[in-house]
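Novice: Sequence:
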Amino acid sequence: MIERIGEAPPRTMARIAGILYLPGTLTSLLGDSLAGRAHVVPGNAAATAASIIAHEPLPRLGVAANLFAIACYAAVTVAWPRARWTAAR
55 MIERIGEAPP RTMARIAGIL YLPGTLTSLL GDSLAGRAHV VPGNAAATAA SIIAHEPLPR
115 LGVAANLFAI ACYAAVTVAW PRARWTAAR
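Sequential numbering from 55 applies to the sequence shown in this note's numbering.
FYI, nobody ran anything at the bench for these hints, they're computed from the structure.
In this text, all values refer to a predicted model and were calculated from it rather than measured experimentally.
Accuracy of the hints is not assured; some may be wrong.
[As the list claims (entries may be wrong)] Distance windows between CB atoms, simulated:
1. 104 to 79: 28 to 36 Å
2. 107 to 75: 33 to 41 Å
3. 110 to 63: 40 to 48 Å
4. 95 to 73: 36 to 44 Å
5. 107 to 131: 32 to 40 Å
Ideal Cβ placement from N, Cα and C applies to all residues, glycine included.
Whole structure, please, built from the sequences with the hints as guidance.
Specialist: Here it is in structure tokens:
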């Protein structure tokens, strides 16, 4: 029978949190490098817009990677305290 995620053993919840933390960190770094300040020209909004338009897929991929990282961090936020609170009992 399939057991619910809330009823999983603390070690399993800690492993889930750890497994989700790694891709969250890696995709966050990827997203920041793609959608970060690489396309920003300080003091020149027109050049910044032209750079973003010229390399349109990169900022989109960066935003998608950051959204995936946020989802991983949200899952870690749910899984980690359950592992800690269950182990403390």
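Novice: Each of the hints needs a verdict: does it hold here or not?
Specialist: Now for the hints, and whether the structure bears them out:
1. 104 to 79: 28 to 36 Å: For residue 79 against residue 104, whose Cβ atoms are near 32 Å apart, the range 28 to 36 Å holds.
2. 107 to 75: 33 to 41 Å: Given range 33 to 41 Å: holds, Cβ gap about 35 Å.
3. 110 to 63: 40 to 48 Å: Given a distance of about 46 Å, which is inside 40 to 48 Å, the answer is holds.
4. 95 to 73: 36 to 44 Å: With a Cβ separation near 39 Å, residue 95 and residue 73 satisfy 36 to 44 Å, so the hint holds.
5. 107 to 131: 32 to 40 Å: At roughly 36 Å between Cβ atoms, residue 131 and residue 107 fall inside 32 to 40 Å, so the hint holds.
Every hint from the earlier list agrees with this structure, and none is contradicted.
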